[in-house]
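FYI, in the numbering used here the residues of the sequence shown are 1 to 477.
It is worth saying that the hints were derived from the structure and are not from the lab.
What you are looking at is a predicted structure, and each value in this text was computed from that prediction instead of being measured.
The C-beta atom is built at its ideal place from N, Cα and C for all residues, glycine as well.
Please note that the accuracy of each hint is not assured.
Unchecked claim - Pairwise CB distance ranges, derived in the manner of DEER restraints:
{"no.": "1", "residue 1": "Asn-345", "residue 2": "Thr-394", "range": "23 to 31 Å"}
{"no.": "2", "residue 1": "Asn-345", "residue 2": "Lys-449", "range": "26 to 34 Å"}
{"no.": "3", "residue 1": "Lys-35", "residue 2": "His-174", "range": "31 to 39 Å"}
{"no.": "4", "residue 1": "Ser-265", "residue 2": "Lys-35", "range": "43 to 51 Å"}
{"no.": "5", "residue 1": "Leu-96", "residue 2": "Asp-188", "range": "25 to 33 Å"}
{"no.": "6", "residue 1": "Ile-401", "residue 2": "Asp-11", "range": "32 to 40 Å"}
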Amino acid sequence: MLYSTSTQFYDRLSNDLVQLRESGVNYDVSIEVGKEDASIYKVHSNILQSRSPYFNKKFNEITSNDDHVKLLKLPNISANVFDVVIKYIYSGKFSLEKLENSVILDLLITSNELELDELVEHLQSHLINNCASFLSQKFVQIYQTIYKVKNLEGFCNNFISKYPDTIFESENFHSLPEDALISILKRDDLQLKEGKIWEYVIQWGKAKNPNLPISLDKWTNDNFLSLKETLKQCLPHIRYFSISGEDVVEKVYPYQQLLERQLFSDITIKLVTPTKPISSLVLPPRKISNTIPTGISNIMTNEHALEISSWIDRKETPYIENNPYEFKLLVRGSRDGFDIKTIFNICDKVSKTVIILKVKDTGEILGGYNPLEWENNNDQWKKTNESFVFSLKTTNMKNSILSRALDYNSTVYSTPSNLWLSFGIALYLKGNLKTEKKCFCEISTEYPKPIRSSELISSLSLFSVEEYEVFKISPRK
């Protein structure tokens, strides 16, 4: 048997380097950060140069003073941001805990400027996956700030690709610069139907022409020409031949004067005789992901959605394709907030809902289906044998677990006054699902099959969540 003789002491190394920086012993660089009330950092060039190509280049360009110290000013970087960066450079450790989203965004811009690639990747991933609400609310300002920053334009576009609705439905969407909108329209992975993209482009163009009549019946040729001129750089990036026939008739035909005559003729020809050759350029259809259900989930895959649908229909064999149900996103924690009260407020009087949550630290995906209405102002214990709880298959869990309700117990507890909801005690959710660790699963007479491991249930292991979503389940039209 072979034994490894290699031992790693990274924590000790990290702590020693942090102490070296804090002591300032043998420093040879003085960095002045900020404009007013600037902060001074006494650091070691060898460490910074080995960690950052930016500092490697800068320090080679700077001549030392009489005290053998190089001076560098970074007035556009705040002290609180640089403090996080310099700790990362020396220790290799980094925590986003207790940092405001605006500070995290500044950290991303600073890390990119200092060419800290590892940190840039980490921050981009965190913002896109955990700060969707913040990014969508401030998107136009953010886009204008960092879109033209080298290496960060993709960050904005990747966010839009993943969360198109939160951007296009934003009240700030109409103030998006033209070049930004065009860069979005060029993306092959924009997760929207082409007819919807056409609608948004028309809305954006109308907002740039506030004097256009509200009723299309009152538009003149000059009105159409004005809108066409506004959109002349955007229109070539619409994938016209990917628009459904219904959307062409309802959404494109009313604005046919915006299109060149040949293009409009070819669109019509393709609807009537799809195999007939046309002369217009046919852009490839966008690559709409088939790994996520309608509503674009951050947690479950299309396979998960099909499995849940089969449980609703009590199918012994899961659906493989052609999901009979539409999953309409109602609530998302990272977008709407993690308080239980948020669920009751948004889902009041809504029936046939699925709640999905990703457990922090373990990565488990748990959830429950409630065929009955949630009630915002009424504490109730309700009986139904159509509800169920589940744990979905993940990379760490080979098979999903389904536990159906028995018909002789109260199976769905709705208690908005105490900020908790539950499916018996098989799945109990309380308070702020992210910041408070009050959720649990326990052995339940209402749902006899446990959805978590016996160790976690026997110890009544409390958990919080990374993300949760609530979907309205409706028959697909």
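Cross-check of the supplied hints:
no. : hint                            : result
1   : Asn-345 <-> Thr-394: 23 to 31 Å : 30 Å, holds
2   : Asn-345 <-> Lys-449: 26 to 34 Å : 32 Å, holds
3   : Lys-35 <-> His-174: 31 to 39 Å  : 34 Å, holds
4   : Ser-265 <-> Lys-35: 43 to 51 Å  : 60 Å, violated
5   : Leu-96 <-> Asp-188: 25 to 33 Å  : 31 Å, holds
6   : Ile-401 <-> Asp-11: 32 to 40 Å  : 38 Å, holds
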